[in-house]
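Peer 1: Just so you know, the sequences run in chain order A and B.
The opening position of the first sequence corresponds to residue 1 in the numbering used here, with each subsequent residue numbered one higher.
The opening position of the second sequence corresponds to residue 1 in the numbering used here, with each subsequent residue numbered one higher.
Think of the hints as simulated: they come from the structure by calculation, not from any bench.
Don't take every hint at face value.
[To be verified] A few chain A residues facing chain B, derived, Cβ under 10 Å:
(1) E26
(2) K45
(3) E100
(4) F110
(5) H134
(6) R139
(7) L141
(8) D143
(9) G149
(10) D157
(11) A174
(12) R176
(13) L177
Since the model is a prediction, treat every value here as computed from it, not as a measurement.
Glycine included, every Cβ here is placed at the ideal spot set by N, Cα and C.
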Amino acid sequence: MRLYTLSVFSQRMSVPLTLLGLLEREPSHGYDLKRDYDAFFGRGKPIPFGQVYATLARLARDGKAVAGDHEPGSGPDRKRYAITPEGVAEVETWLAEPVEPEPHLQTVLFAKVTLSLMLGRPAERYLDTQRAAHLRRMRELTDLKRTGGVVDGLLADHGLFHLEADLRWIDLTAARLSSLAEAVRS
Amino acid sequence: MPAEVLGRPGSRDPVIEARDVVKSFGPTPALRGASLSVAAGEILAVMGPSGSGKSTLLHCLAGILIPEGGEVHFAGRRVDTMGEAERSALRRERFGFVFQSGQLVPELTAEENVALPLLLGGARRAEALRDARGWLGRLGLDGLEERRSGELSGGQAQRVALARGLVACPEILFADEPTGSLDSLTGEHVMDLLAAASRDQGTTVVLVTHEARVAAYADREVVVRDGRVTALAQDPVGS
């Protein structure tokens, strides 16, 4: 059973993809990306400069971003990075795929919705896809309750309540997409 | 014909179907072209926010409300063009109903409430009460046959309502927020019984709910938004 598998892996994976998504808006310096990441996604836990530059270097190495020439001036890194078509495709794939339905994934969902709205992508469709994935998982857990023992049922309940909380958040977010879009694009 | 009637991909023929159904209450539109099909034996959850039109859609499917536009088909017949007497017979003989608050007849005992659809259908009283007692026992209500609704807990009353909805072996059970007035544990018990009993006798269920935990008992979900039906995506967008 995967009920208690936290999505730490997914959250770690979301940092490079979130930075890549921010690059899709416009070519940016590392410090611009850190500023925007901290403002929208950091929420009290700023991303270290070193992680931003290391991530950008990896994205460039993997062909998802390209670095421009050094620009004059002081500071840790004066290169402007731009997303490549491969990087755009990666962001699109990531946004469109539902996250594995499991507890504690709100950070990833939040990043996806916010980025989708920033980029003018169909956030409502992504939320619908996520809703369907959640309901599928809830159906599996409900079946498990029916066919399994009491302990399985208790574990399934834990997953069901968390998934239900996510779904309420998804419903509320879907109802507020217009105002959220205004907030993140302003 | 509507552009798309949402049913289960690759499913059996639909037993009941709404095509582009339009319904308003005064100046307020409730359904703006809702289309939906349900396969025989399927448990379908109709979800959506308050005021989205999901209960209105259920009432149109069940022949309780007559739509102003579109068509409702049941077992190959148009429901929306039937006269009141024919629709009443359809509801009595082939459909079952469970509502949020049970809506038991307060003057009748639990077993008389359950027997009511059979009695209205012309069954002999002794046989109807015998069948009713069988259903009460099946739903864990032994010993409560003589109680009236005011002497039952919310969960017990809802199980009596469920027994009444299923006693005549309906082809379709329409359930509108059947656990809406119950706590989580009691609601879960009612849904366990509803799903098991429906599957045992092959009853098709149209289940209106805003609760994901209730919808998880269904085979499939659709969402009603602004009076239209949307199927939830089964695959990632763009795949």
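Peer 1: Hint by hint, note whether the structure agrees.
Peer 2: Right, here's what the structure says about each hint:
| no. | hint | in the structure |
| --- | --- | --- |
| 1 | E26 | 24 Å, violated |
| 2 | K45 | 29 Å, violated |
| 3 | E100 | 12 Å, violated |
| 4 | F110 | 18 Å, violated |
| 5 | H134 | 7 Å, holds |
| 6 | R139 | 5 Å, holds |
| 7 | L141 | 7 Å, holds |
| 8 | D143 | 9 Å, holds |
| 9 | G149 | 15 Å, violated |
| 10 | D157 | 9 Å, holds |
| 11 | A174 | 9 Å, holds |
| 12 | R176 | 12 Å, violated |
| 13 | L177 | 12 Å, violated |
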